[in-house]
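Novice: Sequence:
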Amino acid sequence: MDPSSTSSSASQTWVYEVFPSFSGEDVRVAFLSHFLKELDKKLIIAFKDNEIKRSRSLDPELKQAIKDSRIAVVVFSKNYASSSCCLNELLEIMKCKEEFGQMVIPVFYGLDPSHVRKQTGDFGNIFEKTCHNKTEDEKIQWRGALTNVANILGYHSVTWGNEAKMIEEIVNDILEKLLLTSSKDSDDYVGINDHIANMSVLLQLESEEVRMVGVWGSSGIGKTTITRILFNRLSPYFQGSIYIDKAFVSKSKKLYSRATLADTNMKLHLQGKFLSKILGKKDIKVGHLGVVREKLKYHKVLIVIDDLDDLMVLQVLAGQTQWFGSGSRIIVVTNDNHLLMAHEINCIYKVSLPSQTDALEMFCQYAFKQDSPPDGLMKFASEVVQLAGSLPLGLSVLGSSFRGRKKEDCLNMLPRFRRSLDGKIEETLRVGYDGLCKEDQAIFRHIACLFNGVKVNGIKELLASSELDIDVGLKNLVDKSLIQVREDTVEMHRLLEKMGKEIVRKQSNEPGEREFLFDSEDISNVLEDNIGTKKVLGISLRMSGIDELHVHKNGFKGMPNLRFLTIKNTWEKKGKLQLPKSFDYLPPRLKLLCWDEYPMRHMPTKSRFGNLVYLILRNSMLEKLWEGVMSLSCLKKMDLSHCGRLKEIPDLSMATNLEKLFLGGCLSLVELPSSIQNLNELTVLDMQLCRKLETLPTGINLKALDHLDFSYCSNLSTFPQISTNISVLLLEGTTIEELPSNLRVGNLVVLRMQNIKES
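Positions 8 to 766 (our numbering) are the ones given, in order, by the sequence shown.
Hints are not guaranteed to be accurate.
FRET-style restraints, in silico, Cβ to Cβ [what the hints assert, rightly or not]:
| hint | residue 1 | residue 2 | range |
| --- | --- | --- | --- |
| 1 | P680 | K431 | 52 to 60 Å |
| 2 | L209 | H295 | 31 to 39 Å |
| 3 | G460 | K44 | 52 to 60 Å |
Calculated pairs, DSS-like style, for lysine-lysine (alpha carbon to alpha carbon, straight line, at most 27 Å) [what the hints assert, rightly or not]:
| hint | residue 1 | residue 2 |
| --- | --- | --- |
| 4 | K70 | K44 |
| 5 | K414 | K445 |
| 6 | K253 | K357 |
| 7 | K304 | K289 |
| 8 | K413 | K431 |
| 9 | K414 | K386 |
| 10 | K462 | K542 |
| 11 | K302 | K292 |
Hint data in this document are derived by calculation from the structure and do not stem from the laboratory.
For each residue, glycine too, the CB sits at the ideal point set by N, CA and C.
Can you build the whole structure from these sequences, using the hints too?
Specialist: Written out as structure tokens, the structure is:
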């Protein structure tokens, strides 16, 4: 194909969708009549030559019709080559294929494709007669065209037992090709044909049944763009079509300002507007709610209901498939999967984010009117795509803001977009959040500010004692495309996360009056100046965002309701956090305490941790946690990994719900307390690289213990009867040579004892 053919095809205006090329009355009466009827049935526009008498030369009207057709269907019968007109048609078809990207479908009607390809058999004999007295150049061109077309994958009637089935399959093939053909409204939308192809599978346009299909995805992901393009492509194939957007419903609401969508007059008004538009008649009056079925039950219609947020709209305008004529299609577009399920729409296309490659191309088209970044702007473009989280709305808004700007201006604008959302993006994303009940809004804010990327079970455990219904709330957030759950992990799009943080930031001009703190500067101010209040529920500090932080000795005393405290460091940049020697308080309601490199030798003496669910103090300076026995009945996980100075573990007799204990890399730890015999819920005990560990408590049997890791505890020589149900046992690098006799070896899935040293 000529390199310019793709662009030529995109700019070509097609008058016809199908041009049938054939020869002979036998084909016209048999195959062609049924073929054209099936095309009409599918509302596919075909060129019909009933009024044209085919001569031995190619009529100018036929020539123009070929050029004006999107697809040429060449019906090869035995007598096709008897007509020089047909052979010249074929030359014109192949020319249009090269120049305009015209699609060609060959049908071999009652003859073998090889006879056409090689001009042999009866077909070849007839062809030779037609070539009599023709120039050598004509013969060569005809032969080349016949060979080229016969090499295209087509339909061979001999392989079909039922001609009607073959014709139906050909027409379905044509319909699919037409749907996948680029149109002017989608030339610049990257990946649209993939979306259309996926939708075509669900729509099953060849089927005569009435189908309702849902399109579901988060705000700004491109649902409306996709369905608008799909609607424009499909509507010519239906007797009536309508695209219903939110404005369609809101206009009716203004007329009935005191009514709701449950009001009968409102419903009748909506149905009247709906019928007027789909039937092309003004001011249709609806006297009862059965009129839609009466008017449309014999019409093949296409209905798109976009941005659905009220089930009543769907029930009023498309209550049942029986309301519409055979072959009708209803497409419902929404952020809320629950609305689709409530209307028993089970065929749902979930719109996903574009790939990184497609997202970059999208941004470049919006920003630079080309498919890739200009020289020197690849790093810039890639960061913008990352800031937008590949969300098409973000790519569009950010890309448009950079259009026509110089390179240095683009680079100078970037810090602003790193800090906050563009207003247009926030306005669109905010719709889904505003539609939530207050309880689900609170769960959304918790995830956006603290728990994005956290396991579902972890979120449930941390919010268990709150007044929030986590199971229902998470389901609602998933249904409304505000989060997704992958491999049991909650994921929120980065722009939605940023929006959630903006909502919290706007709670007050004073950081200490907000429910969550996540900005490094705000947290520094609150902790250094002791200006936190009881409104603060959570703090998430990344130390890479600060150089040095001096916490006030009473820094946490003003925040008695603090439940979640996370302080994390990174390898790239480590900020310094200084606690005063007199620091002795952490809030008693803490459920999560995750503090990398905790700087003190022990925990605050006046603190109580009875509400803690997770205690995570990796790489800390701790030598011991606290004196005596602490009430730890809520504790599920304790992680003291790589606390190299830690010499002893406190009495854990009251941590009766502890499930996971991580002590790997505690190089100074000599023994475990005998109180671990009370940890009947413990499933994981990780003590790898505890090189001073010499003995373990005896006479205990932790029945829930499943995963035990003593790797490279080089001084450990005996292995007590600690559990009979272990499935993962790691003893490499120890001096243990013998397993306890009561260990159920049949339960073991993983056993490692390589590099055992002599004691």
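Novice: Now look at each hint and say whether the structure bears it out.
Specialist: Checked hints:
1. P680 - K431: 52 to 60 Å: Holds - the Cβ-Cβ distance for P680 and K431, about 59 Å, lies within 52 to 60 Å.
2. L209 - H295: 31 to 39 Å: At roughly 33 Å between Cβ atoms, H295 and L209 fall inside 31 to 39 Å, so the hint holds.
3. G460 - K44: 52 to 60 Å: 58 Å, holds
4. K70 - K44: The given pair, whose Cα atoms are some 23 Å apart, holds under the 27 Å limit.
5. K414 - K445: The hint is violated at about 44 Å.
6. K253 - K357: 20 Å, holds
7. K304 - K289: 20 Å, holds
8. K413 - K431: Holds: K413 and K431 sit about 23 Å apart, inside 27 Å.
9. K414 - K386: It holds: about 12 Å lies between the C-alpha atoms, which stays within 27 Å.
10. K462 - K542: Answer holds: K462 to K542 is near 26 Å, not above 27 Å.
11. K302 - K292: Within the cut-off at roughly 12 Å; holds.
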